[in-house]
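Order-wise, the sequence lines are chains H and B.
According to our numbering, the first sequence is numbered sequentially starting from 1.
According to our numbering, the second sequence is numbered sequentially starting from 1.
If you are wondering where the hints come from, they were derived from the structure by calculation, not from laboratory data.
Quantities reported herein were computed from a predicted structural model and do not represent experimental measurements.
One should not assume that every hint holds.
Stated by the list, open to error - Partner residues are not named here, just some residues of chain H that face chain B (Cβ under 10 Å, in silico):
{"hint": "1", "residue": "Val-48"}
{"hint": "2", "residue": "His-63"}
{"hint": "3", "residue": "Leu-92"}
{"hint": "4", "residue": "Leu-117"}
{"hint": "5", "residue": "Glu-124"}
Note that beta-carbon positions come from the ideal geometry of N, C-alpha and C, so glycine has one too.
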Amino acid sequence: MEKVTEGSPPHPFNSSLETGIRALVVLEAFHPRQCDLIELTWFDHLVVHTGDIEGEDVPGSLHPDLPNRAAELLVRRRLIEDSLLLMQRVHLVDVVDGEDGISFSASEDAPSFLALLKAPYTVELKKRATWIAERFASLSKAAIRDLVDDKIGRWTAEFQIPHTSMS
Amino acid sequence: MPHRGFALRHLVFTGPGLDPAALSFVDGVNVVFGASDTGKSYIVKAMSYMMGARGKLPKIDESNGYDAAWLGLVLPSGREVTLHRSTKGGGVRLHEGVVTAAAKNTGTVLALAENKKDETVSHFLLDQIGLADKLIVRNASAEKEKLSIRLLAPLFLIEEDLIISGRSPILYSQQHTEVTFEKNLFRLLLTGQDDSGVQTVMSSKSRSVATTAKVEILDELIAQIDEQLGEREIDRTDLRKRMDDVDASLASLQETMQRAQNDIDDLVSERRAKADSKLEFNARLTELEVTLGRFASLDAVYRSDIARLEALEEGGFILSAMSGQDCAVCGAPPSAQRHNHAAEEIQRSHAAAAAEARKIEREQRDLGRTAASLTAEAGGLRTAIVELDRDLVGIERRIAEARPKEAAARNDYEVFSSRKSELETTSSLLARRDGLVVKKSQVETKPPSTKSEDKMLVGVDGPTAYAFGKTVRDVLGIWRFPRASEAQFDLATSDVTIGGKERSASGKGVKAILHAAVNVALLIHCRERNLPHPGFIVLDTPLLTYREPLDSKYGELSPDEVELTNTGLATRFYDHLTSLKDLGQFVVIENKDVPEDVEGPMQVETFTANPNSGRYGLFPLRRVD
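In isolation and in its complexed conformation, chain B is listed as follows (with noise of 0.2 Å):
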């Protein structure tokens, strides 16, 4: 969400029997221009009475019997509200709407200083636009002040004496002491940042008892550590250097190590898939062997079988032809005889076993080149396993070599680790020494005060005030003031120098149009950046370079001032200022009329001092019985 401002309605004295001293405000810009002593900066001084910044109102003749003071705004909201307040000071009260009259007791009571009861009119205001509960560090203790709008005032609410004071705008208020406060405020406003992070310093008087206690401490913890060290003085060149030879060596060992291992490794697993080799070897031979047994047992069979089938060949073949014959018994030829069908069976019989035996001998054949196949197979494996012997034997001698390597380089290994681990100890006991005792000395330095405002920052960095400065440049420029260009934010002083030359060096009038370049530079700052701001800047004669030399109380111009008289300025501020209408509002309350060349569309009241003509002042003229 953006961030808005206030924009001003009304400011109007109201008391018993007397008409209202009136004066409205729009958006945009306003002008109250006017003679001496027509009450115009009694109008600053009311503003900020109203809000709260200021205990009391200036006595002034024209006031007297106006018991009230109404202050008519817009809240960020757009909310319409009217501040409300005896003139003879005491508590605020918020009305709703623009009002300049409400019945007793009515409204919002809104308190000066902080209470239980009631909400502070700063704490209000300030929450409007985002500035509530800042805090802002204001001393070198870094003790910490939450943001007022007391404190803000003077940032947008700017009085004659301010303006023209040779005294930064940011440092406001001329006392040395408050220096830090303004600069983190400033800080704050063109940054966004508050103080809440910073830690507030510890007073001296705890301090130097604190300060006893860690010391005792921390000599305790020391005279430990010297136990620990032992009584030898300890060259810490030396002991760097000797932990520096043994990370050498332990990095060398480390690779020996290393290498002893892997060579191991390697073998093992060598002589592993070698051994599995043999085993698969042996398994495959023993196979083929009992293969070869049981093939060779088939091969008896088919020759024992053979042997046998011829046998019966022939036996079936005589006994075929005898039971062709006739008879030996009783001379019947083969065709009278009853046992016939012993012929036939012998017959079958017979060819039946030289088809089998032509059947066996095929077997037999395919057997024998299947065996032979196999024969060669098993030899090649034996001679394999042979060789994997001899391999595996060379291995394991190897293998055996390597390990004492390995062992030995293992052992270096640790040896040197200890001792490493031994410099480490002291190494890290004379670090933790050193450390107490820095910690030691800077406990007992009791920080000088300058020194620590030095740590903390203070004020803007360097990079926000260029950026700030430009925005003053870039106001400078379009309102045309003699080398703007060479306009720059000092961080030192906190104020504008024109090639160099520092803002309290010039003429009066020269001062106030750059007061009123860095309050307007402050305002376009923030809301490019969407930070927090008022949102209306109230100048009390930011142009008093163009006043009249003979009736003014500053008399005579100087040098720069008629410089800067003779541009056409106060046109071009008139105008820049209208054109920022959408980022704020504005009150100029001058001597001078606006010129004639000034294009508007703007506000202005005149205050005449002639009681025959016109207004005659902010009250209205009375007589004085």
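Isolated chain H, as found in the complex (with noise of 0.2 Å):
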């Protein structure tokens, strides 16, 4: 596994832990439901970005809205990936080696770990990711893509020139 320089810690955001929690959150939300990485993707831009889902109902985004978030997206995949390794590795997720490829979902440990998380960014997080959860857990993978495609073929067209201002 890749080693980590020592007394060089990394930046606490979109670490392999913030983002292998909120990785856990979705699929904890999704459960039974299994996701594969790109699902994971999305979902984990998604969750904090609930503002840009069209519709009745939507939460607020969690995190602001920053320009050239949409770039977020693309790098974002190889860390899940880290991220999803590490929550294996301490048991929370389950690999699941399918027919489709690789899925995962969350392990019999998870509910139990996510029932002691209480703070307040979290407590949202899980709020979202279930609704998220209701909104595309009936949708076909292909549905599902559709949408994101779309979201992201917007954002891309919407963040391209950046903002002058952040509100």
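Got two chains here, each in a separate frame; can you build the complex from them with the hints?
The following block contains the structure:
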């Protein structure tokens, strides 16, 4: 496995730990549905940027809207892969090798662990994960892909030119 | 360069087979003293003749056979020359050096009258002393005559009949028609100014033709102006008053207009200043709002980050705790577990999250303070902008009020201005008409000759006459002439008065000495002012008053002559002339010998009229066959 250089800790944001917990929250919300890496990459983005999804009763984005966040989606894939590996090592995520490739699901220990997380941020995160799961669980993988492609395409056009204002 | 004069060297008469009759002269004083009929007066006349001032020599028996005369001179340049002339008249020849003989047809010919070929004697001599080509006005028409040696001679070659004459030494010709010329010549000598600048007046015949033409033109011009002025009679006093009124109105309107304009200018510049401020404030406000908006976003990020870090801390803590236990899958203790590095990573992230949270909280507090101060500033700006808007509205209203005032004043000004220019046109037309009328009357009135003489300055002016009179007074004072201090030069008679008594009213001897004083004073005056003068004076019988009454043709002495005789004037006279040797040369021709107490040095030539003693006369005594 990759060696982590001692004395220079990774930035806490989007570290394997943060990303791993977020992935776990999503997988737990989708349980028993399994998610593959691509889906997890999409949901990891959407769960903190729910405001990007159109519709009624959409919860507000958990992270402030910042320009160029579409780019996050593209660099996130590798990060999520690492974080899933970390979660698997602590037995919170199960890897399922199936006919249509590798899928992930929350382990049996996951609910009791997640129940211990009471921080407001995590609580909000869990609410949004649940909302997303409700919204997407019934959709086929192809339908989700279309919807996300549509969003990513739109985001690309929207965020290519950096915004001068963050508001 | 100082003006210098001539010095006489000799006067010689020669004739074939005859002893030369010669007189020599030295610098300073030369006295020729002799009895009557020894040719003394002939000397002065001969000198005039030699210098071309006189056409003929008087006939005297003693001169028979002498066919040539020689006058030796030193020119101002130091060059010695001899003028040579036949005693029968004719031209003069100039020879170099002081000579008494010359080869036939040698020397430079000097003409008596102007001709193309030769220079005249007069021009040659006057040129030496800086008086050549001087023009002198001779009459009321300002006709001019060129100065000649003939005209100048009576002021330095003074013959006996002139010296005792009652006429002024200046007005020597005793001709009324020459008075103007002689006065102007005197001015030339006293001031150095000739009349070359004076305009000669047109003759009366050509004047009358020109006059008619001029009058016609002037009439036409006057008629044109009358047409422009219109038929209505113009009251000049009223015109003047109206112009003054218009001027006053214009001045006051000018002031009003200026004040109105200044008011508007002030308001406009105030408006500009306010608008500039407003623009500036708005720009700053926009900037502040943008910044505050960014700060709000940043604050949201901070808040979100802190929440995320809390969550991470919690999750990390629980995971660390969990990963520190026996493996849930295989039951192996932590030391035996292969996935120990996962726990390390989680712990590091956990620690980092805690540190990061503290950092962000600090940043968030700083941001809050800055945002508060910017918000206050923005509030101030909004208030200021509201005030500016209110001011601008006020200024706008005042400008709107001021404009009509200024426009009205300008309008009035233009009305008065055009009225003024009308009045000025009328006034200048009147002035031109007046000028033309005056000109016409001047042209029509033939100037009377006496009047134009008044206008032209004839002779010397008062100050110059006074200065000359003082010199005369000084000379007489040195000679100890009785009441010399009362001597004056009278402009009206151009002669000397003593205590108001005219020279012409004196005895002959007194007239002679006063005449001599004028001639000597003229030399002194010219030399003191560095003005041209021939540089020598020949005086025939200035001391007539010392005559022996019984021997003299002039007879008994008058009381004033007696008074004069009793003074030591003769001695003073000679001593004074001797003292003037640096100023000029003197030749005194006298009946009486030089007084014994005269100190000299002077050269005295004595004509004895005695065949047996000394020199008989100018010419040697010859036996008449």
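Evaluation of the provided hints:
no., hint, verdict
1, Val-48, "9 Å, holds"
2, His-63, "6 Å, holds"
3, Leu-92, "8 Å, holds"
4, Leu-117, "6 Å, holds"
5, Glu-124, "8 Å, holds"
The structure meets every hint from the earlier list without exception.
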